[in-house]
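Chemist: Below, each chain spelled out in residue letters.
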Amino acid sequence: MVNVLYFASFREMLGKANEQIDAEHSTVECLIESLATRGENWQKALLENKNLQIAVNHDVAQRDTQIKSGDEVAFFPPVTGG
Amino acid sequence: MSEFPYVKIQEEDFDLTSEVAALRKGHKDIGAVVSFVGTVRDINEGDEVSILELEHYPEMTEKALEKIRLEAHQRWELESSLIIHRIGKMYPTDQIVLVAVSSRHRENAFYASHFIMDYLKTNAPFWKKETFPDGEERWVDARVTDKEAEKRWMK
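In the order they appear, the protein sequences are chains Y and Z.
FYI, the numbering for the first sequence is 1 to 82, going by the numbering used here.
FYI, the numbering for the second sequence is 1001 to 1155, going by the numbering used here.
Think of the hints as simulated: they come from the structure by calculation, not from any bench.
Beta carbons: idealized from backbone N, C-alpha and C, even for Gly.
Please note that the accuracy of each hint is not assured.
DSBU-like cross-link-like pairs, simulated, lysine-lysine; straight-line CA separation at most 35 Å [stated by the list, open to error]:
{"id": "1", "chain 1": "Z", "residue 1": "Lys1025", "chain 2": "Z", "residue 2": "Lys1008"}
{"id": "2", "chain 1": "Z", "residue 1": "Lys1063", "chain 2": "Z", "residue 2": "Lys1129"}
{"id": "3", "chain 1": "Z", "residue 1": "Lys1129", "chain 2": "Y", "residue 2": "Lys50"}
{"id": "4", "chain 1": "Y", "residue 1": "Lys68", "chain 2": "Z", "residue 2": "Lys1147"}
{"id": "5", "chain 1": "Z", "residue 1": "Lys1129", "chain 2": "Y", "residue 2": "Lys68"}
{"id": "6", "chain 1": "Z", "residue 1": "Lys1155", "chain 2": "Z", "residue 2": "Lys1028"}
{"id": "7", "chain 1": "Z", "residue 1": "Lys1129", "chain 2": "Z", "residue 2": "Lys1067"}
{"id": "8", "chain 1": "Z", "residue 1": "Lys1089", "chain 2": "Y", "residue 2": "Lys50"}
{"id": "9", "chain 1": "Z", "residue 1": "Lys1028", "chain 2": "Y", "residue 2": "Lys16"}
{"id": "10", "chain 1": "Z", "residue 1": "Lys1155", "chain 2": "Z", "residue 2": "Lys1008"}
{"id": "11", "chain 1": "Y", "residue 1": "Lys68", "chain 2": "Z", "residue 2": "Lys1151"}
{"id": "12", "chain 1": "Z", "residue 1": "Lys1151", "chain 2": "Z", "residue 2": "Lys1063"}
{"id": "13", "chain 1": "Z", "residue 1": "Lys1147", "chain 2": "Y", "residue 2": "Lys44"}
{"id": "14", "chain 1": "Z", "residue 1": "Lys1151", "chain 2": "Z", "residue 2": "Lys1129"}
{"id": "15", "chain 1": "Z", "residue 1": "Lys1067", "chain 2": "Z", "residue 2": "Lys1089"}
{"id": "16", "chain 1": "Z", "residue 1": "Lys1028", "chain 2": "Y", "residue 2": "Lys50"}
{"id": "17", "chain 1": "Y", "residue 1": "Lys68", "chain 2": "Z", "residue 2": "Lys1155"}
{"id": "18", "chain 1": "Z", "residue 1": "Lys1028", "chain 2": "Z", "residue 2": "Lys1129"}
{"id": "19", "chain 1": "Z", "residue 1": "Lys1155", "chain 2": "Y", "residue 2": "Lys16"}
{"id": "20", "chain 1": "Y", "residue 1": "Lys16", "chain 2": "Z", "residue 2": "Lys1089"}
{"id": "21", "chain 1": "Z", "residue 1": "Lys1151", "chain 2": "Y", "residue 2": "Lys16"}
{"id": "22", "chain 1": "Z", "residue 1": "Lys1151", "chain 2": "Z", "residue 2": "Lys1025"}
{"id": "23", "chain 1": "Z", "residue 1": "Lys1025", "chain 2": "Y", "residue 2": "Lys50"}
{"id": "24", "chain 1": "Z", "residue 1": "Lys1063", "chain 2": "Z", "residue 2": "Lys1028"}
{"id": "25", "chain 1": "Z", "residue 1": "Lys1008", "chain 2": "Z", "residue 2": "Lys1147"}
{"id": "26", "chain 1": "Y", "residue 1": "Lys44", "chain 2": "Z", "residue 2": "Lys1028"}
{"id": "27", "chain 1": "Z", "residue 1": "Lys1008", "chain 2": "Y", "residue 2": "Lys50"}
{"id": "28", "chain 1": "Z", "residue 1": "Lys1063", "chain 2": "Z", "residue 2": "Lys1147"}
{"id": "29", "chain 1": "Z", "residue 1": "Lys1025", "chain 2": "Y", "residue 2": "Lys44"}
{"id": "30", "chain 1": "Y", "residue 1": "Lys68", "chain 2": "Z", "residue 2": "Lys1028"}
{"id": "31", "chain 1": "Y", "residue 1": "Lys16", "chain 2": "Z", "residue 2": "Lys1129"}
{"id": "32", "chain 1": "Y", "residue 1": "Lys68", "chain 2": "Z", "residue 2": "Lys1008"}
{"id": "33", "chain 1": "Z", "residue 1": "Lys1025", "chain 2": "Z", "residue 2": "Lys1063"}
Here are a few chain Y residues that face chain Z, going by a calculated C-beta distance under 7 Å [to be verified]:
{"id": "34", "residue": "Phe7"}
{"id": "35", "residue": "Ala8"}
{"id": "36", "residue": "Ala23"}
{"id": "37", "residue": "Gln62"}
{"id": "38", "residue": "Thr65"}
{"id": "39", "residue": "Val79"}
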């Protein structure tokens, strides 16, 4: 299982803050492709979003970052703190 | 450098004077302290803002801020540094963020505090949501100028 988190506008657009997903995905990209089959919002937020930000286990990650069972993967828009 | 909480994420406001005093305590070789306080504006992108709500990603936030702080210590000779970032609901004129850096000589503290703020803006997982007087809400968009500001520090 992979713990997947969604923050800020993503959480609102996708309608959830976190979920457990079976870890049959080798990379973040595989996970995104699988999530994108859920519908248009998922495609827009994750698959087709050039500004998508990704973190794996609290570190900045990329689409080709490897993931394994037990990992925490987070998706969010560009940050706006400060 | 670990017994003192150098990174704080909190809902409550902070007091600049006491935070800087705590940062300087025990350091007799400090010759300069530079502090930056970010505050909530009442107008953003031409619209009046009533409430600003800060969301963050617990655990990653602390990790990202500590990484930025340590990077500053590697780049410049510093005595101590502190980052406080508030979360939750804030209102115009409220304080949001404090960065304070101390060093023997002023130049390092000036550079390091500027660097920490620029990197915090683009690397720490915080998101702002504005509420307007009519109750409408809007997530704040990341600014291109913030990304440009980060680039000036790239080696």
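Chemist: Does Ala23/Y pass the interface hint, meaning its C-beta sits closer than 7 Å to a C-beta of chain Z?
Modeler: Given a least distance of 20 Å, the restraint on Ala23/Y is violated.
Chemist: Is the hinted pair Lys1025/Z and Lys50/Y satisfied, with a Cα-Cα distance of at most 35 Å?
Modeler: Outside the cut-off at roughly 46 Å; violated.
Chemist: Given the hint that Lys1151/Z pairs with Lys1025/Z, does the C-alpha gap stay at or below 35 Å?
Modeler: The hint holds at about 34 Å.
Chemist: CA of Lys1151/Z to CA of Lys1129/Z, is that 35 Å or under?
Modeler: holds (25 Å)
Chemist: Take a quick look at whether Lys1129/Z and Lys1067/Z sit within 35 Å of each other, Cα to Cα.
Modeler: Holds, at roughly 25 Å.
Chemist: When you check the alpha-carbon spacing of Lys1089/Z and Lys50/Y, does it fall within 35 Å?
Modeler: Holds. Lys1089/Z to Lys50/Y sits at ~29 Å (cutoff 35 Å).
Chemist: Please work out if Lys1129/Z and Lys68/Y have their alpha carbons no farther apart than 35 Å.
Modeler: holds (33 Å)
Chemist: Given the proposed pairing of Lys1025/Z with Lys1063/Z, does the C-alpha separation stay at or below 35 Å?
Modeler: holds (25 Å)
Chemist: Take the shortest C-beta to C-beta distance between Thr65/Y and chain Z; is it under 7 Å?
Modeler: For Thr65/Y, the interface hint is violated, since the closest Cβ of chain Z sits about 14 Å away, which is over 7 Å.
Chemist: Could you grab the alpha-carbon distance between Lys44/Y and Lys1028/Z and see if it respects the 35 Å cut-off?
Modeler: violated (55 Å)
Chemist: Does Lys44/Y lie within 35 Å of Lys1147/Z when you go C-alpha to C-alpha?
Modeler: Since the Cα atoms of Lys1147/Z and Lys44/Y sit roughly 23 Å apart, the hinted pair holds (cutoff 35 Å).
Chemist: When you check the alpha-carbon spacing of Lys1025/Z and Lys44/Y, does it fall within 35 Å?
Modeler: violated (51 Å)
When each numbered hint is compared with the structure, violations occur for hints 9, 16, 18, 19, 23, 26, 29, 30, 36, 37 and 38.
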